[in-house]
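Participant: Required output: the full structure, derived from the provided sequences and hints.
Going down the list, the protein sequences come from chains U and W.
With my numbering as the guide, the letters of the first sequence map in order to residues 1 to 321.
With my numbering as the guide, the letters of the second sequence map in order to residues 1001 to 1321.
For the record, the hints were derived by calculation from the structure and aren't laboratory data.
Computed from a prediction, not measured in an experiment: that's the story for all the values here.
Just so it is clear, CB atoms sit at the ideal spot from N, CA and C, and this is done for glycine as well.
Among these hints, one or two may not hold up.
What the hints assert, rightly or not - Residues from chain U shown here face chain W by an in silico Cβ test under 8 Å; the list is partial:
| id | residue |
| --- | --- |
| 1 | VAL181 |
| 2 | ALA183 |
| 3 | GLU184 |
| 4 | PRO197 |
| 5 | LEU200 |
| 6 | ALA239 |
| 7 | ASP253 |
There are 2 protein chains.
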Amino acid sequence: MCQSVPVTLDPRAAVCVLGTGLIGGSLLRAAVAAGYEAFGYNRSESGIEAARRDGFDVSGELSAVLRRAAAADALLVLAVPMPAVGRLLAEIAVHAPWCPLTDVVSIKVPVADAVREQGLQAGYVGGHPMTGTSESGWAATDPELFRDAVWAVGVDEGTRVEPWLRVVRLALDCGSVVVPVVAEEHDRAVARISHLPHVLAEALAAAGAAGGELALGLAAGSFRDGTRVAGTAPDLVRAICEPNATALERVLDETIDALVAARDALRADGTLGELVEAGYRGRTAYEGRSQWDITGIAPGVGDWLADLHRAGQQGGVLRAL
Amino acid sequence: MCQSVPVTLDPRAAVCVLGTGLIGGSLLRAAVAAGYEAFGYNRSESGIEAARRDGFDVSGELSAVLRRAAAADALLVLAVPMPAVGRLLAEIAVHAPWCPLTDVVSIKVPVADAVREQGLQAGYVGGHPMTGTSESGWAATDPELFRDAVWAVGVDEGTRVEPWLRVVRLALDCGSVVVPVVAEEHDRAVARISHLPHVLAEALAAAGAAGGELALGLAAGSFRDGTRVAGTAPDLVRAICEPNATALERVLDETIDALVAARDALRADGTLGELVEAGYRGRTAYEGRSQWDITGIAPGVGDWLADLHRAGQQGGVLRAL
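Facilitator: Listed below in C-alpha cells is the structure:
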C-alpha cells in the first residue's frame, strides 16, 4: 500500500539506538541483521565494551553519536528506562533535533510529554515492542527478540507519515507485527497486560516465600510461571510500572475488588464466586484473539491516523507496508 | 536404607488407579512404564474407551475393580477431584478395606478426614504430585508428567511404614522426588504456591480481557505466563482450590493487604512501595531453593516420621529409598 505514499524511503536508512540494554541492544542487533546501518550509544563502559566485542558500533560519546545521527538522517530510538528519557531528549534537542525519533519505552504519555517539552514532537512517533525477558544488559540481547512480537506504534493526532513509516518499517524488518495505538489507550492497556502482571507476580512471589522452604520446595509450574517476571531487577520493574501510576492504580483497584469479592465468597460459602469463570473467559478471549490484518489504509492519505487507530482498537495488526 | 526395614516389598506390586483423568491417567501410564501391574477405574465411558484404545486396563465397574485390587493387594490411588473422594472411599470400605491407600488430590486434610470417616486410616498415606497442565482428560495424559516433579507424601502421626514405602516407591519410580509433609502444613503451603497462583491468574486474565481487543492484542509474555493456569476448566479450578478455603482465605488476606499497600503507595508517592523488593526476594529464594537430599533416616525405625517431617520443612527431599 505504500506505493500510494508520496515519499521516498530508503528502507536501509540509518538507525541510531540510544541505550543498548536488553531491548536497545537486541534492536541494534536486529537492525544490523536486517541490513540497516545501525549504531548506538550506551552510558556504561562495560555495556559499550560488551557490544564492541560482539562487533557492534557503540560509543559512550553522546553528543558525537547524535551529530553522526543528524548527518546520516538516522532514525533515533530512545531505549532507556523512563527516568533517563528527559536527559537524552535534552541532548537530542541540541545535537539532532531534525532526526525522526521513536522510543521503546514501556509507556507512551510520559514520553510524549517529555518529547513535547523539548519541542521534538514533529519527528516523533511512539513505539513499544511488547517483548522482553527477566534478564537485562547486553549479555541478554538477542536479534530474534522481536520475531513474531507485537510492536505498538503511535498513531496519535499530528503524527507525520515520514517518521511513522520509518518506525513501522523497522518494526516489520525486525520480525514484529505492528499494532497502531494512541498514547493514552496504550498506557491504559499495558497497565492491564504488562504492569499488573508484574505487580501480581511480585505479590505471588512474596506470598510463596512467606511459606518458607516447604512451600518453595512444593512449588511447581503455576508458581514458577506466575512469578517469572518477579525475577526482573527491582529497579527495572519500578522504572517500567511506576511512570504509569494513574492507569496502574485504576486497574489495581479493580483487581483488589475482584480478590476481595473472591475472599468474601470463600468466607461466606466456601466458593470463589464469579472470579474463576471471569478468569477463564478472559484467558479464552486471549487465546482466541484474532490479530486480523489491517488492509486498505494508505499511510499519509485521508484519515489514515484515525482509521489505523480504530483498526488497532479492534485487534487489527499491520504485517506489511 | 530400606534394608533396615523389616518388610518385604515387591516393587512391582500392583497399582490400582481410581480416576484416569490427567493425573490418574498419567500415573497409570507411568506405573506401567515402570514395570508395575497397573489397572484402573474411570467413571466416564469416553475416558475408559480412550484409555483402552491406548492399550490400558481401565474399567467402569468400580466394585469389580476394587475386588480385583483387594485380591492383588494393590496400592489404591485416589485420583479424582475432592468432591468425588467420599463416594469412592465408601466403595473402598466395602470392597477393598485392607489395601494400602494413597491419593493424588490437591489438598490433604479433607482427604484424611474422609478416609477416617470410612475407617480406612490404617492403610492410608496422603500424596500429592506437584504437577499438571491446564489440559484435562485422558487425551492429555503423559507418562513423563511426574519426571523431576516434587511428590508430597504424608508423614502424619500414625502413618504405617508398609503403605508409606509403597507410595514413596511408586513416586520415585515415576521419576519424582519426594517431599515428606504433614497434612495441615501441606495445605497451608499449597494455598501459597498452587491455589493462590490460580486465583491471581484468574484475576489477571479477567483484568486483561476487560481492556478489550487492544489490551489482549498487546499482551505478551508476562500476561501469557501469568494467566496460563486460568485456562484450566473452571470446575477443576474450583475443585482444586475451594476445599482449601481456610488456608486460601488467609493467604488471600495477606495478598490483598500487600496489593492495597502497593496501590496506596502509588497514590501517595507514585511508587510501588515495598512490594517489588519483597517479590524479587521471594523469586530469588524460589530459584535458589536447595532440595537437599534427606539421608540417614530409616523408614519405620525410631522417630522416622518426626525426623522426615522436620527434614521436609527444611527443604529436604528423598531421591531414593
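Participant: Now look at each hint and say whether the structure bears it out.
Facilitator: Consistency of the hints with the structure:
A distance limit of 8 Å between C-beta atoms decides the matter here; for VAL181/U the minimum to chain W is near 7 Å, and the interface restraint holds. A hinted interface residue such as ALA183/U counts as satisfied when its beta carbon comes closer than 8 Å to some beta carbon of chain W; here the least separation is about 13 Å, so the hint is violated. Restraint check, GLU184/U versus chain W: the minimum CB separation of about 11 Å is more than 8 Å; hint violated. Contact between PRO197/U and chain W, as hinted, is supported at the beta carbon level, the nearest pair being about 4 Å apart and thus within 8 Å.
Hint status for LEU200/U: holds, given a least beta-carbon distance of 5 Å to chain W, under 8 Å. The interface hint given for ALA239/U is violated, since its Cβ lies 10 Å from the closest Cβ of chain W, which is over the 8 Å cut-off. Hint on ASP253/U holds. Least Cβ distance to chain W is approximately 7 Å, under the 8 Å limit.
In summary, the numbered hints that this structure violates are 2, 3 and 6.
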